[in-house]
Every structure is written in structure tokens, then in C-alpha cells.
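Trainee: One letter stands for each residue in the lines below.
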Amino acid sequence: MIKSIKQSLIVFAFFTLLLGIVYPLFITGIAQVTMPYKANGSLIVKDGKTVGSALLGQNFDKPEYFHSRLSAVNYDGTNSGASNLGPSSAKLMQQVGDSIKQIRKEDNFPVGDMPPDMVSSSASGLDPHISRANALIQLKRVAKVRNIPETEVGKLIEDNTDKDFIGIWGHRGVNVLKLNLALDSYKKS
Amino acid sequence: MPWYLQFILFLVILTGLAVPLGEYMARIFDSKKIRRLEAPAYRLFGIDPTKEMTWKTYALNLVLINVIGLVFVFALQRFQQFLPLNPQKMGPVRWDTALNTAVSFVTNTNWQAYGGESTMSYLTQMLGLAVQNFLSAAVGIAAAIAFIRAFARQSVTEIGNFWVDLTRTIIYILLPLCIIFSLFLVSQGVIQNFHPYVHATTVQGQEQVIAMGPIASQEAIKELGTNGGGFLNANSAHPYENPTPVTDYLEIIGLLVISVALPFTFGIMMKNRKQGWVIFFAMLLLYLIGFSVVAWSELHGNPLLAKLGVEQGLNMEGKEVRFGQLASIVFAQSTTVTSCGAVNCMHDSLMPLSGMILIFNMAIGEVIFGGTGTGLISMIVYAIITMFLVGLMIGRTPEIFGKKLEPFEMIMAMIVILSSSVVQLVLSAVAVSHGFGLSSLNNAGPHGLSEILYAFVSAAGNNGSAFAGLNANTVFYNLGTAFAMLVGRFTVIIPALAIAGTLVTKKMVPKSVQFPTDGSLFVVMLVSMVIIVGALTFFPVLALGPLLEHLFIYAGKVF
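Line by line, the protein sequences give chains A and B. In this text, residue positions in the first sequence follow my numbering: the first is -17, and each later residue adds one. In this text, residue positions in the second sequence follow my numbering: the first is 3, and each later residue adds one.
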């Protein structure tokens, strides 16, 4: 028994060092040398300042920007999470009803079905994407406020839509942060 | 590509990877030769790798390393404020949360009452939690290999050397796979650094603080070891854990592949490959039945949402755009049939019948591929019960895979099947009838019952996913789920090793008089047994929770 305990302690110490120190440091080393941008969070720096991550959603509510999905945690990058409201939740139905009303008004979209991602909150609270249907509904508003032709905005949406991986896997989400940054630089040019 | 073709492609790739992996694992564990890579480890441990153990010694060592792990992970959380690699200055984790987390990671459950990025230091994550991800997976696989040997050997008392099985699992299987997988994850955008959290000023001028950390190295084993404990609170829904549709696909394959491979390992080691395929098909059939219900229920949409004007009533609450419906459904089904418990969508917000299937997957004891190792063990225990009934029906001494079944094995098998169910139902009943259980609810009505039931089913099934609306970080839930996790883990592994210990001493019945277990008849019997046992135990509570909620939704009632 004593011998077994001693052996267990040695095995535990050995694997703790191997798997808890050597392995993560090894991966960090390779990642930092070969893929530093990705390993450090795909951060987007503009004029020397970090404006966010290409992979993370952030809050957009001004009319000149495409709006991100709803976030149950208000885009808090240190506390990701969802509403966790169930499918029979009165609160959820209230929220969905309210955002549908708001969008119908804001985007002058009086009839027609809402894209599901447009009126629901995401799983992480940091979803960087919106669906194309969602973007196309917002297109008119953004084009009008910014006084840019709708076709040009449509092109920017196209440019900032994720491509399928080797033509098979993908969902063609529109990256909201990249799209809005593209809009801002379009304005300047 | 249409969704059903995508799904078929997924099954083909998964099986295509699992078959060779199963062969490889059989070769690793059957090998008498001590290779150069492992020999120094045994010298360091001071063990003789050629000396095998009885089931009691095997189980003793297995329990010992788990006890050490438990104490270590608990202490690490309590003292993380004094230790390095804590740029966010995380304080000590509350005692009940720390205890729950230690139990959770040691038992391969990875139930999380905490949010990673707001609770744990980098050191706690990598030195405590990630190490247990490896060890708990390896312990499960080692136990399964020992269990298989009961059918591969006869008239001996030894079932293998625990330290050798553990070491081989880690250095020949888990670690190489994790190195490849984690580097691929980084190439897609999963982060791997030790920086303090980044302060960004968003385009609209607000502050957004972004969590960092050595995530990729932990993410890889989280899937491959069917652990499921996310580095970040949103788990695999978080873009830093699962940034693209491709990582998502690979994470699903990663969390299934070892458990899918093990039936093949089993077939090879007991020298009847067909037997391995038969177990695989039984698991696959159960997987597909559950998948169909979840897919129907999600793709059918929510009539309440349809009425409000949402396109087809499709439910995107708690789902991510980059995964969409199908990848969310496949992930949810896969993570609950294996004991992984990682999530890429929030199960709490899924449609009621989806939630019902997920609960059922875990409640039957994680046998549809299941946790690494424990899934195969539990499925064979179901096979033992099936063969016992078959023996009774045709009136001869029951046997399985050539080994005679006697009262001792049957008692142990019943402990494996029943103890988790008892804990799941009794603790749920306690929670729904007391204020300390009900005050944690996020949803009212029948969905509330589902939230509580899911918690205890997940814990005792060693799954670890949650209807995350439930506030589980209370003393009651921390202690209750910790107890359920311990029962769920050790009343499977220890009785299984005991069964192995007695079966291995028995002589093999000649093939000519064995009841055939490698045909489609056996698949049907085994699958029926799993469904019947699960349905008999859980139908009443499922009727009051998800089924009732489903009916209310169609009647237009909300809570």
C-alpha cells in the first residue's frame, strides 16, 4: 500500500510536469513563432489602437453601422455566455417580439419574415457574424445614413462574408466588425 | 452541400479515422515489448512493466492516482492567488466550487459551476484542469482495456498493469493527437498565449476587455479526452475555442473518435473483429435514432417564434451563426452521447424534444460511444444484461463472448446500470421539492424541471454539459453534483474491473456452443435493451419535463 502510494505520487508528478508544463509551453512556443497573429487573438489594430478581435463580436447600435447579434452579456470579453432562456420562456418571446418591432421600424422592413439570427441572442454573447439575410435587411439603412450607393455596400458585404472551407464546410456568415471597419475606411476614401 | 450529404460525409470521415485508430490502439496495448519511449518512464516510476496486476491492485492504483489528483486540483484553486501565471490576479476559488471542480475534472465529467475566464488563473487551468483532462481520459481507456482483457484471456488472474496502460495511453495516443490537433486549432484562430487580458477600444468607442490564455493546448484534449470543460465560460461556442466551421467539425470528430475507435480495439483484442463492428453498429443505430429526433425538432422550428414573424420559427437563441442549425445539432447530439459535455450551442435554449433526447443520451449511462473507455465498458455491461435475459429466455446458463455469467457478475452489472439512475432521480427530486434547489432556476414551468434533471443526469453520467441557465454555483448544487459525479464514475469503473477480475479467471466456452453475439440479431437485442431500461427508468420524469413543455408550446402557452 505504502509502495503504491509512493508510485502514484511519482507518476502523478511526472505527468503533471509533462502535460501541465512541457506540453502547453511547447505548443505556445511553436504557435508564437509560426502563427503569432492567430495565437494572440486575431486582434485588429487601427491607428495604433486595438479596436477588437476579428473573431469576436462587439456592440454596434449606431444607425451608420451594421448591428451585431444580440448579446446576453453585452459583449463582455471576460464573461462570455448566453441568455439560456428556454423555448417556452415568456421573457424570450417578449424579447423577440420587441426586437422584431424595433427592426421593422429602424430598417423600414414592415412585412416579411425575420432572419432568426437577427432577433435572437448568440451562444457566446460574442458571435462575430450575422447571416447574409440579416445584413441585406440592414443594407438600406446603412447605405442611406452614410450616403453610399446600395450596390457599393452590397459589395462590402460580399467582401466580408466568410468563404466555405474547400467549398464544403461553412455558413457564409458576415463578419460585422470587419464589415463596419471597411465601411469606415470607404467613407474616407 | 445539402445538409444530409454533409452529415453522411461526417459519418464516413469519422469511421474512416476510427477504424485505423482502433487497430493502432489494439497494437499498443497488446504489445509485450517495452518501447524506447516508455522504458525510462517505468524506471522513473520504479515499476516492473512486465508484472501484471489482479483487478484489486489495478483498481487500487486507479483510485490512488485519482485521490491525489483531487487533492492537488483542489489545493491549486484555493492557493492560486499566491502562484505564478495569474496576470488577472484571480483570487482563491470558493471552497465548494473548488471541491466541485476538482471532483468534476478528476472524474472526466468537467461539469463547470464557474466561468473559466473570470475564475481560474492560467496556472490552475493548465497545471490542474488540463492535466486531469489527460489523466481522467487515460484512466477510462486503461480501465476499458483491462475490461477487454477479461474476454481476450482465460484461466489467469491478471488483467494488465495499470501504470503501463496509463502511460501508453498518454504517450502513444493522447499526447501525439493533441499536439497535432492543438496546432491546427491555432492555425484557425484558437489562441495560445500567456498575456494579460487585452483592453480594446471598440469602433463605437466603448471598452471591451478580451480574455486571453493558453487555450489551444487545453482545447485539444478537452475534445479528444471527452472531457468538455471549456477554458472559457461559453465553451466551444466561444470564437476563441471554436473559431470556424472547420474547427467545429474537427472538434466533433475529436470528441467522438477515440470512443468510436474502442469497439474496434475490442474486436481485435478478443480476436473477433466482427464483434467489434457489431458493438459499433449498435452504438451507431442509437446515435442515429437520437439524431433524427433532435434534427426534426430543431429544423421544425418553434411555433411560438413563427407566430411572432421569425422565418420558419427557426430557433437561433443560444446558437452561433458560423455553425448554423446542423452543426449545432450534430455537436449537441455528439457531446451528450459521448461523455464530453463541450457545447457549441446552449442546450437550455434548444427545443424541448431535443433537450429530452440529450437527457436520455446521458441518462442511459453514456453508452452510445460514451466517454473514452467508460462508454465501451457500460455498453458491454448492457450486453451482459442482455445475454443474461437471453439465457433466461432460452433456458440455459447465460454467457457472454464465451464467458459464463454467474451471480457475482450480474450483481456488479446491476450496480453499474442502476446506481447512477438512482442518484440522478433522487437528487433531482430533492432539488425540485426544496427552496435551495428551486431558487437556482432560470426558467419556469416544465422547462425548470428539465433544468434540474439535466444537471444531475449530466453529473452522474459524467457528461458535464448543462442547461446552463441553472445557477449551479451554490453549496447545494456543488455538493450534490460532486456526489453524483463520484457515484457515476466509480460505480462504473470499479464494478467493471471486478467483473473483469472474475471473468478473466474463467475458461472460454467452445465457440461451437456459444450463443452468437456477432450478428444483426444481437444488435437489435442490445439496442432494445438500452432503450427499454432507459425508458422504464426515465419516462415519468421526461413526460413531466420536456414532453409536457413540447405540448404547451404547441398549445401556445408560455411561462
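Some hints here could point you the wrong way.
[As the list claims (entries may be wrong)] Lysine-lysine pairs mimicking PhoX-like chemistry, simulated, CA-CA at most 20 Å apart:
hint: 1; chain 1: A; residue 1: LYS87; chain 2: B; residue 2: LYS309
hint: 2; chain 1: B; residue 1: LYS513; chain 2: B; residue 2: LYS406
hint: 3; chain 1: A; residue 1: LYS145; chain 2: A; residue 2: LYS122
hint: 4; chain 1: A; residue 1: LYS160; chain 2: A; residue 2: LYS31
hint: 5; chain 1: B; residue 1: LYS34; chain 2: B; residue 2: LYS53
hint: 6; chain 1: A; residue 1: LYS44; chain 2: A; residue 2: LYS73
hint: 7; chain 1: B; residue 1: LYS58; chain 2: A; residue 2: LYS(-15)
hint: 8; chain 1: B; residue 1: LYS559; chain 2: B; residue 2: LYS406
hint: 9; chain 1: A; residue 1: LYS137; chain 2: A; residue 2: LYS126
hint: 10; chain 1: B; residue 1: LYS273; chain 2: B; residue 2: LYS58
hint: 11; chain 1: A; residue 1: LYS126; chain 2: A; residue 2: LYS28
hint: 12; chain 1: B; residue 1: LYS513; chain 2: A; residue 2: LYS(-12)
hint: 13; chain 1: B; residue 1: LYS53; chain 2: B; residue 2: LYS35
hint: 14; chain 1: A; residue 1: LYS137; chain 2: A; residue 2: LYS160
hint: 15; chain 1: A; residue 1: LYS87; chain 2: A; residue 2: LYS122
hint: 16; chain 1: A; residue 1: LYS73; chain 2: B; residue 2: LYS559
hint: 17; chain 1: A; residue 1: LYS83; chain 2: A; residue 2: LYS137
hint: 18; chain 1: A; residue 1: LYS73; chain 2: A; residue 2: LYS83
hint: 19; chain 1: B; residue 1: LYS34; chain 2: A; residue 2: LYS83
hint: 20; chain 1: B; residue 1: LYS53; chain 2: A; residue 2: LYS(-15)
hint: 21; chain 1: A; residue 1: LYS44; chain 2: A; residue 2: LYS145
hint: 22; chain 1: B; residue 1: LYS34; chain 2: A; residue 2: LYS(-12)
hint: 23; chain 1: B; residue 1: LYS309; chain 2: A; residue 2: LYS73
hint: 24; chain 1: B; residue 1: LYS58; chain 2: B; residue 2: LYS508
Since the hints were derived computationally from the structure, they do not count as laboratory data.
Trainee: Any hints this thing doesn't respect? Which numbers, in order?
Mentor: Violated hints (numbers, rising): 3, 6, 8, 10, 11, 12, 17, 19, 21 and 22; every other hint is consistent with the structure.
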